[in-house]
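Spelled out from the first residue to the last, the chains are:
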Amino acid sequence: MNVILFMVLAALAVVGGVVVILHRNPIKSALALIVVMVTLALLYLSLTAPFLAIIQILVYAGAVMVLFLFVLFLLNVGVESPFSTRRRRRVIAGLVGALMGIMLAGVVVIRAGGVPGHSAPVVGPEFGSMESTGTLLFTRYLLPFELLSILLLIALIGAVTAARPRWPAAIPFGHTAPEETPGEEAA
Amino acid sequence: MGLPAYLILSGVLFGIGVAGVLLRRNVVVVLMSVELMLNAANLALIAFSRFLPTHDGQVITFLVIAVAAAEAAVGLALVVQIARSRGTVDVDDLTLLRG
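As given, the protein sequences belong to chains A and B, one line each in that order. Sequential numbering from 1 applies to the first sequence in the working numbering. Sequential numbering from 1 applies to the second sequence in the working numbering.
There could be a bad hint or two in this list.
With a straight-line cut-off of 20 Å between C-alpha atoms, the simulated SDA-like cross-links for lysine to any residue are [said to hold, decoys possible]:
1. A/Lys28 / B/Arg25
2. A/Lys28 / B/Pro4
3. A/Lys28 / B/Leu22
4. A/Lys28 / A/Ile92
5. A/Lys28 / A/Met7
Looking from chain A toward chain B, a few residues come up when the C-beta cut is under 7 Å (computed) [what the hints assert, rightly or not]:
6. Ala10
7. Ala11
8. Leu47
9. Pro50
10. Ile54
11. Leu58
12. Val59
13. Ala61
14. Val66
15. Leu67
16. Gly78
17. Thr133
18. Gly134
19. Ile157
Quick list of the computed label-pair ranges, beta carbon to beta carbon [what the hints assert, rightly or not]:
20. A/Val8 / B/Leu97: 40 to 48 Å
21. B/Ser85 / A/Leu143: 37 to 45 Å
22. B/Leu94 / A/Val18: 20 to 28 Å
23. A/Asn2 / B/Leu94: 41 to 49 Å
For the record, the hints were derived by calculation from the structure and aren't laboratory data. Ideal placement from N, C-alpha and C gives every residue a C-beta, glycine not left out.
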């Protein structure tokens, strides 16, 4: 892959990530995160993963980020006033983040010795396609796939249950629901 | 570009995510930082998958994306409920479990 293109995409991803964690306005953070997601989708394309690039845009930039923005709008979250309270905390966060990133990248790069790192092996046109991903998903990864469907069902029910305002009292058969009393919510 | 470049980018993005979780007080932005960390892991998986080359990394990434979507849904539902009952999404104000 073109070195310049990779550098541009990598710089865009890193700048986007920094904006996500540093911008005071959560809406802007979410928009920066969408930039990171799209950039990563382009990087997936460069790694011969076109199917995952599409999934990344559809699921992350499409569904998950819309959910985040929706919640931000719903809660009417304002701009975070004085940026993260104490200076000590900023220093600690920066140090731990930098240390973790360096350590992770270093260890993974060093330990990836068995992988031919500098030139990507030649692969056939079926690599990364929807068909080969699906074949593997329904053969070797069938059990995780099925467990995933159960997990999604649990998450669906859990999210709906958790976001409900309040469980309504059981209404006896033949009666109508009682009127909501205003102000009870605040109590 | 070689494998190390992708892995370094992945590590940097993960570090940014960690810093965001520690730095930010808004719960929603903390969740966004977690998403950033998951994406960094996905990038490493796909990079390894390309350079080995084996298809498994891409399938695992597919599973990770689905789990992340579920996590975001449940997490945001909890955030909505917390905001409704406590009136704040600031993690510094949520001290109910503090001993």
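How the hints compare with the structure:
| no. | hint | verdict |
| --- | --- | --- |
| 1 | A/Lys28 / B/Arg25 | holds, 15 Å |
| 2 | A/Lys28 / B/Pro4 | violated, 31 Å |
| 3 | A/Lys28 / B/Leu22 | holds, 19 Å |
| 4 | A/Lys28 / A/Ile92 | violated, 24 Å |
| 5 | A/Lys28 / A/Met7 | violated, 24 Å |
| 6 | Ala10 | holds, 5 Å |
| 7 | Ala11 | violated, 10 Å |
| 8 | Leu47 | holds, 4 Å |
| 9 | Pro50 | violated, 10 Å |
| 10 | Ile54 | violated, 11 Å |
| 11 | Leu58 | violated, 10 Å |
| 12 | Val59 | holds, 5 Å |
| 13 | Ala61 | violated, 11 Å |
| 14 | Val66 | violated, 10 Å |
| 15 | Leu67 | holds, 6 Å |
| 16 | Gly78 | violated, 10 Å |
| 17 | Thr133 | holds, 6 Å |
| 18 | Gly134 | violated, 9 Å |
| 19 | Ile157 | violated, 10 Å |
| 20 | A/Val8 / B/Leu97: 40 to 48 Å | holds, 44 Å |
| 21 | B/Ser85 / A/Leu143: 37 to 45 Å | holds, 38 Å |
| 22 | B/Leu94 / A/Val18: 20 to 28 Å | holds, 26 Å |
| 23 | A/Asn2 / B/Leu94: 41 to 49 Å | holds, 47 Å |
The structure is inconsistent with the numbered hints 2, 4, 5, 7, 9, 10, 11, 13, 14, 16, 18, 19, although it conforms to all the rest.
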